[in-house]
Amino acid sequence: MSEEGQTPVTDSEPLLVVDDLKTHFPARGGLFGGGGKDVVKAVDGVSFSVGKGEVLGLVGESGSGKTTLGRSLLKLVQPTSGQIRYRGRDLVPLDDGEMRPLRRELSMIFQDPNASLNPAMTIGQGVGHPLHIHGMVSTRAQARKRVVEMLERVGLHPAESFLDRYPEDLSGGQKQRLVIARALITEPKFVVADEPVAALDMSVRARVLELMLELKRDFDLTYVFITHDLATARFLCDRIGILYLGGLVEQGSSDALFDDPQHPYTRSLLSAIPLPEAGRRNRPKKLPRGEIPDAAKPPAGCRFHPRCPEAFASCGWQGHDLIDILEDRWTEVDKETFAAELELFGKLSDADVGTDYVRFPSSTPDTLAEWLRDNGPVLPANVFSAVTDVEVEERGVVVRFGPGPEPAVQQVKGRDVACHLHGITVRQDGVHVGDPEQVPSEH
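Residue numbers (my numbering): 14 to 456.
Just so you know, not all the hints are guaranteed correct.
Unchecked claim - Calculated pairs, DSSO-like style, for lysine-lysine (alpha carbon to alpha carbon, straight line, at most 30 Å):
(1) Lys360 with Lys348
(2) Lys65 with Lys35
(3) Lys88 with Lys35
(4) Lys310 with Lys65
(5) Lys202 with Lys35
(6) Lys35 with Lys229
(7) Lys88 with Lys229
(8) Lys158 with Lys310
(9) Lys310 with Lys360
Claimed, not checked - Derived Cβ-Cβ restraints for the label pairs, each shown as a range:
(10) Pro106 with Ile286: 17 to 27 Å
(11) Ser174 with Ala128: 49 to 59 Å
(12) Arg41 with Ser362: 15 to 25 Å
(13) Asp387 with Asp363: 20 to 30 Å
Because the hints were derived from the structure by calculation, they are not lab data.
Bear in mind the structure is a predicted one, so any value in this text is a computation, not a measurement.
The beta-carbon is built from N, C-alpha and C at its ideal position, and this holds for glycine as well.
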């Protein structure tokens with residue numbers, strides 16, 4: 014092991030190993046230690062590895078935690094717990110002074126060039142600044158020479174003509190090339206690219222992606238590529254991890270995920286990709302309902318279950334899920350139906366909602382219970398599959414729900430999948446508990 018606590022990485026060993034990584038933030042108005050409701054679980058128990066020379070894609074919607082995860086990998090934000098082992102050394106406990114020697118090897122390509130480039134610095138100054146910070150040059154002439162070489166390498170040529178210009182003088186594509194040049198000027202080994210082409214036109218996007226692949230080959234780089242676009246990830250990435258609400262729900266080779274996705278969320282994302290082939294344009298789409306939930310109050314069980322088109326009894330349904338579905342229903346039914354059901358249920362805000370029950374106050378509990386038994390099974394999202402009982406009380410009705418554990422990661426067809434469709438598992442603080450149980454036959 015070297016003086017820095019690192020070991021040489023062989024081709025058979027991962028360059029980076031992430032184990033049960035969590036990055037939590039205090040919710041607005043909350044404090045740490047005030048309970049789960051006061052904490053945003055932006056990254057919550059993520060594990061993966063990245064081999065030397067590999068490109069790993071992290072794909073998810075806005076709010077999935079992918080940007081926070083990328084920044085956590087480089088210690089630009091401090092993880093709450095877990096491990097990030099880079100070349101054998103855990104970065105999580107290191108302070109700023111201990112991280113400083115590693116900053117040269119770890120770099121980030123940011124999404125928004127306008128936010129990441131200093132408008133007061135010339136291009137020559139901005140790209141060359143990291144060289145001075147890391148003591149890689151001793152004179153301005155040396156820095157200028159290195160900057161010219163890097164600008165030429167990223168396609169900004171003649172490079173000399175760019176040195177005394179400012180970022181505002183460049184086009185969007187040129188600015189992104191400039192950001193890439195600055196990220197690579199210190200000759201890093203590991204690079205996190207956060208949506209590096211999201212703001213670019215399609216024609217420019219393709220050229221920048223090709224450039225990133227060329228630079229990876231030429232400089233022997235290892236990438237973590239963050240994107241919301243699965244099609245872009247397939248073009249660039251060897252493996253892909255699908256992020257949802259702070260957790261990885263599926264990860265495997267790019268070809269495997271596209272050819273035979275095993276998680277409903279992956280299938281939903283793939284379904285949204287336009288296909289040019291005429292024979293495949295009319296394929297059925299299973300798009301997720303609604304928007305990604307609040308990371309400060311994530312759903313119980315499988316976090317995707319409220320939006321999942323394939324959810325069933327064991328996925329983690331709770332009382333508030335039924336309330337949400339009734340609210341959605343009332344925005345879609347006609348006025349007469351809404352008025353009748355409002356009279357039957359009363360205001361949903363008056364319901365007593367618990368984790369495994371919801372109690373509806375009612376002056377006609379028998380009628381309400383009959384409605385629930387008749388209509389519950391056909392409500393959207395299969396929420397009633399988890400109902401174990403509908404109890405009639407003197408002044409209301411109680412709907413009770415069975416248990417729905419958070420799924421553990423399991424191996425399915427050569428990739429990691431966290432989904433009860435492949436067997437009921439339980440995740441506890443990153444530990445897989447028990448063997449998968451058989452799922453219901455209809456699934």
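Each hint tested on the structure:
1. Lys360 with Lys348: Distance of about 16 Å is within 30 Å: holds.
2. Lys65 with Lys35: holds, 24 Å
3. Lys88 with Lys35: Holds, at roughly 12 Å.
4. Lys310 with Lys65: It is violated: about 37 Å lies between the C-alpha atoms, which goes past 30 Å.
5. Lys202 with Lys35: holds, 24 Å
6. Lys35 with Lys229: holds, 29 Å
7. Lys88 with Lys229: holds, 22 Å
8. Lys158 with Lys310: violated, 52 Å
9. Lys310 with Lys360: Holds. Lysine 310 to lysine 360 sits at ~23 Å (cutoff 30 Å).
10. Pro106 with Ile286: 17 to 27 Å: Given a distance of about 41 Å, which is not inside 17 to 27 Å, the answer is violated.
11. Ser174 with Ala128: 49 to 59 Å: Because 25 Å falls outside the window, the suggested range is violated.
12. Arg41 with Ser362: 15 to 25 Å: holds, 22 Å
13. Asp387 with Asp363: 20 to 30 Å: Given a distance of about 23 Å, which is inside 20 to 30 Å, the answer is holds.
Going down the numbered hints, you'll see the structure goes against 4, 8, 10 and 11, while the others check out.
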